[in-house]
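Student: As a plain string of letters, each chain reads:
Protein chains: 2
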Amino acid sequence: MVWEITALVGGGVSMAVAAYLYSWVMAQASESDAMNEFSEAIQSGAAAYLKRLFQALAFLAIAITVIITAAIGWQSAIAYLVGAICSGAAAYTGMYVATRANARVAWAAKSGIQKAFPVGFYAGSVMGLSVVGLALIGMTVLYMIFHDTEVILGFSFGASSLALLAKAGGGIFTKTADIGADLVGKVEFDLEEDDPRNPAVIADNVGDNVGDVAGVGADIFDSYVASVVAVMVLGAVLYTEEYVIYPLLLGAGGIIASLIGMMFVRTKEGGDPGKALNTGTLVTTFIFAGIALIVTRLVGISSPWGVFWPTISGLVAGVILGFTSDYFTDINNHAVQDTAGAAKTGPAILILQGFSYGLVSIVPSILGIAGAMVAAWVTATHFGIAGTYGVSVAAVGMLSITGMIVSADAYGPIVDNAKGCAEAAHESAETIRVCDKLDAAGNTAKAITKGFAIGAAALTVLALFSAYSETVGVQSLDLRSPGVVVGLFLGAMMPPFFSALTILSVGRNAFKMVEEIRRQFKEIPGIMEGTVKPDSNRCVDIATQGALKELVLPGMLALLTPLAVGMLLGKEALGGFLAGSIVTGIIFALFMANAGGLWDNAKKFIEDGAHGGPGSEAHKAAVVGDTVGDPFKDTAGPSLNTLITVMCLVASLFGPVIAKYALFGL
Amino acid sequence: MVWEITALVGGGVSMAVAAYLYSWVMAQASESDAMNEFSEAIQSGAAAYLKRLFQALAFLAIAITVIITAAIGWQSAIAYLVGAICSGAAAYTGMYVATRANARVAWAAKSGIQKAFPVGFYAGSVMGLSVVGLALIGMTVLYMIFHDTEVILGFSFGASSLALLAKAGGGIFTKTADIGADLVGKVEFDLEEDDPRNPAVIADNVGDNVGDVAGVGADIFDSYVASVVAVMVLGAVLYTEEYVIYPLLLGAGGIIASLIGMMFVRTKEGGDPGKALNTGTLVTTFIFAGIALIVTRLVGISSPWGVFWPTISGLVAGVILGFTSDYFTDINNHAVQDTAGAAKTGPAILILQGFSYGLVSIVPSILGIAGAMVAAWVTATHFGIAGTYGVSVAAVGMLSITGMIVSADAYGPIVDNAKGCAEAAHESAETIRVCDKLDAAGNTAKAITKGFAIGAAALTVLALFSAYSETVGVQSLDLRSPGVVVGLFLGAMMPPFFSALTILSVGRNAFKMVEEIRRQFKEIPGIMEGTVKPDSNRCVDIATQGALKELVLPGMLALLTPLAVGMLLGKEALGGFLAGSIVTGIIFALFMANAGGLWDNAKKFIEDGAHGGPGSEAHKAAVVGDTVGDPFKDTAGPSLNTLITVMCLVASLFGPVIAKYALFGL
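Same order as they appear, the protein sequences are chains A and B.
First residue of the first sequence: 1, per the numbering used here; consecutive thereafter.
First residue of the second sequence: 1, per the numbering used here; consecutive thereafter.
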């Protein structure tokens, strides 16, 4: 009991600091009406979207709760609801603060970086700390009440089903607005990004928040919980209670490490805020390694080194993946410059180059993930711990520093929006320059989170995959059996299919958005002259409705296909299905994120003056590449982590039930 | 012995008919100097390319022969060489006839379809019959001499290593020329396709032959042999000699069925040549089903129904996949029209739509392949035959009608080139119309072969995968073991990586081609006025050299990675590696072929008058999509079948040796 209470205290500290930082951020001044007006438009758009999203999700959650109660038990159903609520609360909190912090950062930017940077970072930290705090408290309390790890699977399922819809919905929303705004604003009317005359600009900014803040928050909440739950399940099946509680204590240790690391995130006037964020991450990593060592010795695990080294394998792999995954998308790298160079022959070769380098970019990450797996497995088995438990612990090790990682990541869209506020208020060039510098640091943090999130998701789903095998009790998942192979093919098909559906959704909605923007420019001539305000709400509405409507089919697919495969072909085929979806899910997630980032930076490289600079034919070609990459990197790619997590959890939760009714056991 | 001789007679009949058709085609008149000149330019370009390719391959083949002799034995080494030579001979014969038939078809087209169609089809049949004849004779003779199925694996490896390089090299050649010719000719100088003033037009036409005739011939030769060999290996391990010879007899039966089917390929004046080709395919299918029934009863197999039904499962699945796989790329389908509609907003959304529908299009094919597997497995095991043997026999059943399928496919590029000849000779509109009609039928045949080839490759590699497990003697390929999972990830990474390398090659070479074409137009002003001939040979050279140089890296990858994985991680990991590469190989092959076809047809839909027709902004956007799709559907996509076959064969051949030296057995 003492260890459960320790974990609970860790979560409580996280929430307390989050509350303190929240009040500190809200106490910061924001005295420009123009900035506040811009910020309020984003706030109300974001609130409107989230309200609609949560209403829709409430129905879904109730339906799933009823099904879980009937099929599994009321305990899991309650855990499911609590998981969905905690995940939603973390995402909501993050977005609530983010949409209020932007104007405050912009106002502080008038006094320089030293003043503005903490406002942005601490606002981001509110979400970072809420994510880990709520997750840890939720899991620990449920475990204290029910003492049953299978119930906690329900909590994880609640978190991930909400994350899937928040992430995919946010991704569709943000790219609908972004592409729509660009296609009409930039291409047809030659407006700048964020020009307030463009009716879709507010929707575009709202999109940054619902996609990059709420979406990422829910996503990492989901991975974090899933990795801990997988270890708890395996610990309960294979070992004693110490092995079940271990991941919760790692979580608490990670919170302490993150809080210490955050103290090192500070920059002087003229300093580099990106460096400050990286210092915070590295300090957190080292402190956490020390804490993990202490935890393994104190908690009474029979083979402390057998869990310590896998934890460190995951932690190190996560940091390496984070810091190296932007190699291919780095603007100074030949892949980006080569792609930009292809723009001279028009968009076709540019698309082909970016597509190809995107595919090449998966190689180092896959090698890194494979290396982490092998390291965790070998060190665990060397000290007499089951390899599956070792790999799962590596995922927790990687995700333990989530508090710091998410804080740095959420900082990005806040300072990005701050720049929008400053521009809307026609601030001085110096203030804009400060905002730009803050924004550049945000992009670095975002790149790190991207590599980190995919690596963590890969290890987490492998852990969930082991948890599935154990809870369902499969004898063997032999690739020589036809059921496993057929399952493998069907599973492998899911991530590309899901990606296609979400991208098609963006295309359809962007089309509607384009028509609405054109209509406003045509029917309301005052907009262009700046005398009449555009009807931003209509654009937010189109993005919201589109996103929610388009979620139905991919959401159903994610929830129902694992059930269908299990019921038709049996639990071995379902195991193959999960393995197939994990493999292509990770490959497509990496490919899409990197190809998208590469096209984005190829465009920036040209905008910085290469190949004729802005306005040249090469630039037009690069804009095409960037638009193609937008839904890759911000809609389809980031949803895939969550998709495979949800499918693994559906399989683990319902596996024992459906396996009884399989039609053909292949 | 009587059954071996029967198989040999089947192969002999095939070659005899091929020889007769060859002399018949060569005896056809071709009396236009302009046509002959155009045709001869293609002949000499194609011969120059093939000579260089075969020279390069000779070195590789000798090196591999030495390695096989040292590592495995001289028997396998001889089989390897014979396999490479037979495959090369089939591809060379096909191209030799094709490049000579085009002018004859064009000349006959002046007398109408009824006269021209047989010239094109019988010229294609020379390759179709050579492929199956040489394959069957080669395998049967080697089996009669050595009576060892592992030796025949060497024959298959010879065929597939040649096919990989012929296919990938041809794919790089053809798209280098095509994209180069289009980017300068169509986009910069507003020339028509096939305008003789464009220096790259001859290279473009040569490319059609080296890619679509020689490449496809070597590719299907390879699948055909691999499917038969896999069944022979499994038959030898699991059962009696009847089960080893059975696939050879199916091959002989397929030849008889194809010869009968070919008699039904005839059309009257005003008839539809596409319908004639389809009739031939359907007749072949039904006749073959009857022959298969007789073979299973006569050959003395202990469970005739247990092999008959799997054979039929494969056959039916192949035909269904062939006839349905062009659903998504059909110009009358909403996917194509929807993509074409997106062209109105520019190239970006068009690319996204085509990309997405390409991903959606894998779903029905994967379901079809999974269905064929389940049907073969269930029917085999129902009659007491091992499921792995059943699935492998399904692959042979599917590929038995190869003679007819390849005949119809090779017809395509011949009549396509015939149109080029007619245009070069400034023939009447009526002759061009006849050529167009012949060409349209060729496109239908090509679409059918595409679906058929991918389905056949999928079942074949699954058969090879089973053969690998048996020859190497793995205990289990359990997805819960880390070696298998790490192997799965590494293998799954290979097809996307390989695709990226070949597409980047095309980009690089097309760039060189563009510069050469621009240089010629600039330095030799007479070209544009039509008074001086362009230097076509330089362009053929650039495409040839580029293709050969760019083959080195992907070729090494295909041959060496399976060895490296096996040596480092052991035979279980290598099994996972093969499974991973099969899954993503098939998914990427389907996706790339279909997305490419879809963009191609979206462009044609606009050229037929939709959304402003030729010259409109929508058309320009569609041209971008078509260019992006070119290396998808003609370079990367079609090479993937062969890539996974080669990797499976390397693993099977060298597996027993490398498994002894594995560093870490995970």
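FYI, nobody ran anything at the bench for these hints, they're computed from the structure.
Do not take every clue at face value.
Unchecked claim - Quick list of in silico lysine-lysine cross-link-like pairs, DSSO-like style, CA-CA up to 27 Å:
1) B/K604 - B/K446
2) B/K512 - A/K620
3) A/K512 - B/K344
4) A/K604 - B/K620
5) B/K604 - A/K620
6) B/K344 - A/K344
7) A/K512 - B/K186
8) B/K549 - A/K512
9) A/K344 - B/K604
10) B/K186 - A/K620
11) A/K344 - B/K549
Unchecked claim - Coverage of chain B stretches by chain A, computed from C-beta distances (three or more under 8 Å per stretch; other residues unrestricted):
12) 479 to 486
13) 502 to 516
14) 626 to 632
Glycine included, C-beta positions come from ideal geometry on N, C-alpha and C.
Student: If a hint holds in the structure, say so; if it does not, say that too.
Tutor: Hint check results:
no.	hint	result
1	B/K604 - B/K446	holds, 17 Å
2	B/K512 - A/K620	holds, 23 Å
3	A/K512 - B/K344	holds, 13 Å
4	A/K604 - B/K620	holds, 24 Å
5	B/K604 - A/K620	holds, 24 Å
6	B/K344 - A/K344	holds, 23 Å
7	A/K512 - B/K186	violated, 33 Å
8	B/K549 - A/K512	violated, 48 Å
9	A/K344 - B/K604	holds, 26 Å
10	B/K186 - A/K620	holds, 19 Å
11	A/K344 - B/K549	holds, 24 Å
12	479 to 486	holds (count 6)
13	502 to 516	holds (count 7)
14	626 to 632	holds (count 3)
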